[in-house]
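Student: Now for the letters of each chain:
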Amino acid sequence: MTATRRFLPGWLSSYATLYILFLYLPVIFLPIFSINTAATPKFPLSGVTLHWYEDLPKTPALIDATWNSLIVGVSASILSTVLGILAARSITRYRYPGRRAINGLIMAPLVLPEVIVAISMLLVMLQLGLSLSLLTVVLGHVLVCIPYSMTVLTSGFEGFDRSLEEASADLGESAFGTFRRVTLPMVAPAIISSLLVCFTISLDEFIIAFFLTGTEATLPIYIWGQLRFAAKLPGVLALGTLLLFASFVLMTIAEILRRRAARRTQNEGGLYA
Amino acid sequence: MTVAAEGSPPLRIAGARRNPLLQSEAVQGFALISPTFVYALILLVLPILVVIAHSFWTQNYLTIDHTFTLENYRIALTEPIYRDLLWRSLYISLTVSLLTVALAYPIAYFISFHGGRHKSLWLFLITIPFWTSYLLRVMSWKVILGYNGVLNSGLMGLGIISEPSDALLYNSTAVIITLTHAWATFAILPIFVSLEKVDRTLVEAATDLGDGPLRSFLRVTLPLSAPGVISAALIVMIPTVGDYVTPKLVGGKDGVMIANTIQAQFGKASNWPLGAALSVTTMIIVSLMAGATVLVIRALQRLAR
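Read top to bottom, the protein sequences are chains A and B. So the first sequence is numbered by the numbering used here: it starts at 1 and just counts up by one. So the second sequence is numbered by the numbering used here: it starts at 1 and just counts up by one.
Chain B extracted, bound-state conformation (with noise of 0.2 Å):
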């Protein structure tokens, strides 16, 4: 009854009112978040466009010379010490984040399915020590895996080697070994939520209609957190293409990334533009890469379907 005593007319005024209302409001919404907007604009889009400009630049002793060049990208791409680091790095990446993923996806899997009510307790454990210093995570490998470490000494001292061995430290798998540590909770996460949002009536329609635990798990619900795994792989796979700091303690020789190489036109070697080449070069491959994994893991989750 109320309803039609308010009747049409008032809610036709809303009606009139609402155009410039939702105006407003969209730009109450801009106002407010400009701030945080421009902060990003002047401090990672100016500075990305920067970047982007020096790569075409020439470095001439104290000076930069500003006329159009590609001669930074014919340096990155084919001098072989570049073209093997950028090699090495996407190698890294990739290796990690498939092993990140695969490991981290049981244990997202066990905490949505099986977590009860410790759900977000196993979540609170998963996430506490990736909030420790990066940087001491990375020595803590050095500790375990050094010559006189915590490995060498273990191993030692249960009689299963003699002496120590030198080849777990500084090399890329000590790399890949504390990059994988690194980011486990950044691959857990995302597979979690995507787990989360699978609809548990579709596994058990499957389970009624005859499809024993493990083929109703890989036809139902590994297609459909499919979106989770995608995101976990980008989210390891980008960043640690670029990781400085677990190439220069655990890495050794074997282990250098190109991300070092960067930092040393930047440093020793200052020569801006071919380390903003490199930048630009690492970047566009690794979002090739990371391209073609997705592409992968859709067709992927096509076939099991």
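For reference, chain A alone in the conformation it holds in the complex (with noise of 0.2 Å):
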């Protein structure tokens, strides 16, 4: 029994390290051929070069989809973490009736196929009367992103100690006070973290932006458009991998972020206590 004890951690390691190659893998390919002198995608390289890159910032389309795409990350961002904020401050902070399913139907979009909401919001915002534009991208980006953005923030705001609030209240400071300066140290991290991961979700996301766009192209759609010449691969596995570190990049400051907060709250807390 020990044998099999002492050989199942080494056995499922194995297993382990199999299934980050095969997460990782796929994506690998992306910078490896974004450096390829050959057109097509294939073994052995050809020759290494950085042209697909050079010529990255030669495309007038390319660059009105990059602006695009930061303008509606910022905005979809800063509006979907306002909104997460308000909503996961009154989960974790208040008890109330309906609480529970209130929460289900925010974090709905999270679990329903991205193709329904997209078409479900097209619908309205037709009769509406609302003319398709970065606008109306904008709209349906945050409601993806709120769901995503409460998980972050209720892991923040979670075990948040309120007598720190009351105990700077009874001292005398004021509730605008209060939330400035005890209530907003403690859960900046986790509201940037929020930030970071809702421009990074609204970056990639490309079915809502491909059903909800007008003429303007985000940077997903720009690549769905290239996608159909062959000979334009080399260029959008470039953009693609800038796209991949960028998401990278903003995601690993964004978990650091998140776990500070999460555990700056519980130490806090546990220090009071």
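Among these hints, one or two may not hold up.
To be verified - Pulled a few chain A residues facing chain B out of the computed Cβ check, cut under 10 Å:
(1) Val27
(2) Ser120
(3) Leu139
(4) Pro220
(5) Leu237
What the hints assert, rightly or not - Far from chain A by the CB rule (all over 12 Å, computed), these chain B residues:
(6) Arg74
(7) Pro80
(8) Thr95
(9) Asn171
(10) Asp199
(11) Thr201
(12) Lys253
(13) Leu303
Note that these hints are calculated values from the structure, not bench results. Quick caveat: nothing in here was measured; it's all calculated off a predicted structure. All residues carry an ideal CB built from backbone N, CA and C; glycine is no exception.
Put the complex together from the two separate chains, hints included.
Tutor: This is the structure we're talking about:
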């Protein structure tokens, strides 16, 4: 039995390593072929070049798409984080009837097929006479970003010690003063983390943008348009590599901040309890 | 002593105040969540109601006839083309959710039971690829499975095949592989969370009472982690049934799924009511399938005990 005990983790850890490879391998091919001289992505590589990257800033449509993505990403992340803060604070701080049902509704976009969510919103927006633009994309992105924002923020708000706020109020601080000097510093890392997560999701999101945009393309929509042309593939791979890298960096920072937020509220709570 | 001194009278006052206080707390909490709630009502609930309404109407060239009809549902359920697409989508999403859960369970188990100090590092490693663009991940599978792709050129380089195979890309298998990869993380996390909740002393008790590692796993750990398995299966099954990008990029003719048709009804074909009926039908049937999956897993859980 001890033999199986010792053998099992070894077997499992090699499975885990293989699994990580399965997760990462496909993604790693994008950067590899983005520096290949040949236009078709196959082995062996015919040579190494940064040519495809140099061409990127020379494409006006791509520059426009980048700006559009930045505008949408920044607006969507701010809006969804504000809505997320309100909801997460309400969920973690107050008890009231219907709380679970409302939470479930807000989290629902996470588990619904995106196409159906996108098409439903499209129908309503057309009925309301809204013309499709970057604004409609922002509205759609906010809906799908809120659940992620909520997840990050509730983990930051949970374990937040209310007695700290009460102490501050008892010591004569105004409600706003308490918020600014006690609440905000405690939850700031979670808020920044939520902004980064939402920005990353909006930056990478395709389906909702695809249905809800008018003539303006975001980066994923630009990539989608380019995929039809085999000759454009290396450029798309180069752009994709940059996007992968951006997501990776943003999410790493977000994760570090989220952990710090969770640790901070828990530690402080532990200290004063 | 202080307890006695502060005693009952103030407590009774607090009790009397309690009810209005609670009510005001409820009001405050509700007020705080209402902007987000209203947002979800306007952009999620209202749109879904509008889709349901449309599914009972008829498209008349450019206008929509608002008389009630079930014709769209008859078409959605009986026309062979839609029926086949629906079946294929259900088959693909069921296969993908079973595969992702089966592949994810050992790794979630490994991290939870043998992760040690590196637990959070493992979780981080697993979540990172998930945060990269979905479109790009699907695109990389196209690069791998393509006629001139990585797998073909690699296999030819190794001398295993003499000419590129076109059987890898543009079929439902390619769709299943790609989706299984794309949703892996979503399956690992819920299973991991439920495994973390498994009381380790129960596993020890089973071992002490003479169960081998395999038996104690099958009779204690596995049934106790069933809630995680259920949510992992659902969280993968429901969204994948309506996937649009993967079938479009790697599915070819054989891998077309229901979402591609739904999109066409709102685009080229311009038949909103039929598109709406197809969406509603898909949602209802996938919910039924999800419910059946839950029942099956629960039954297995009871059997194991």
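Student: Are the hints correct? Go through all of them and say.
Tutor: Here is what the structure says about each hint:
Taken as an interface hint, Val27/A checks out: its beta carbon lies about 6 Å from the nearest beta carbon of chain B, inside 10 Å. Taking 10 Å as the C-beta contact cut-off toward chain B, the hint placing Ser120/A at the interface holds, the least distance being around 3 Å. The closest approach between the C-beta of Leu139/A and any C-beta of chain B is roughly 6 Å, which is under the 10 Å cut-off, so the hint is satisfied. A hinted interface residue such as Pro220/A counts as satisfied when its beta carbon comes closer than 10 Å to some beta carbon of chain B; here the least separation is about 5 Å, so the hint holds.
For the restraint placing Leu237/A at the interface with chain B, the shortest Cβ-Cβ distance is roughly 8 Å, inside the 10 Å limit, so the hint holds. Annotated as non-interface, Arg74/B keeps its C-beta farther than 12 Å from every C-beta of chain A; the closest such distance is 21 Å. Every CB of chain A is more than 12 Å from the CB of Pro80/B (nearest about 22 Å), matching its label as outside the interface. Consistency note on Thr95/B: stated as away from chain A, and its beta-carbon is indeed over 12 Å from all of that chain's, at 17 Å minimum.
Once the 12 Å rule is applied to beta carbons, Asn171/B is consistent with being away from chain A; the minimum gap is 18 Å. For Asp199/B, the shortest C-beta to C-beta distance to chain A comes to about 19 Å, beyond the 12 Å cut-off, and the non-interface label holds. The beta carbon of Thr201/B sits about 17 Å from the closest Cβ of chain A, which is more than 12 Å, so the claim that it is off the interface holds. The beta carbon of Lys253/B sits about 17 Å from the closest Cβ of chain A, which is more than 12 Å, so the claim that it is off the interface holds.
Every CB of chain A lies more than 12 Å from the CB of Leu303/B, the least distance being 24 Å, so the non-interface label holds.
Of the numbered hints listed earlier, not one is contradicted by the structure.
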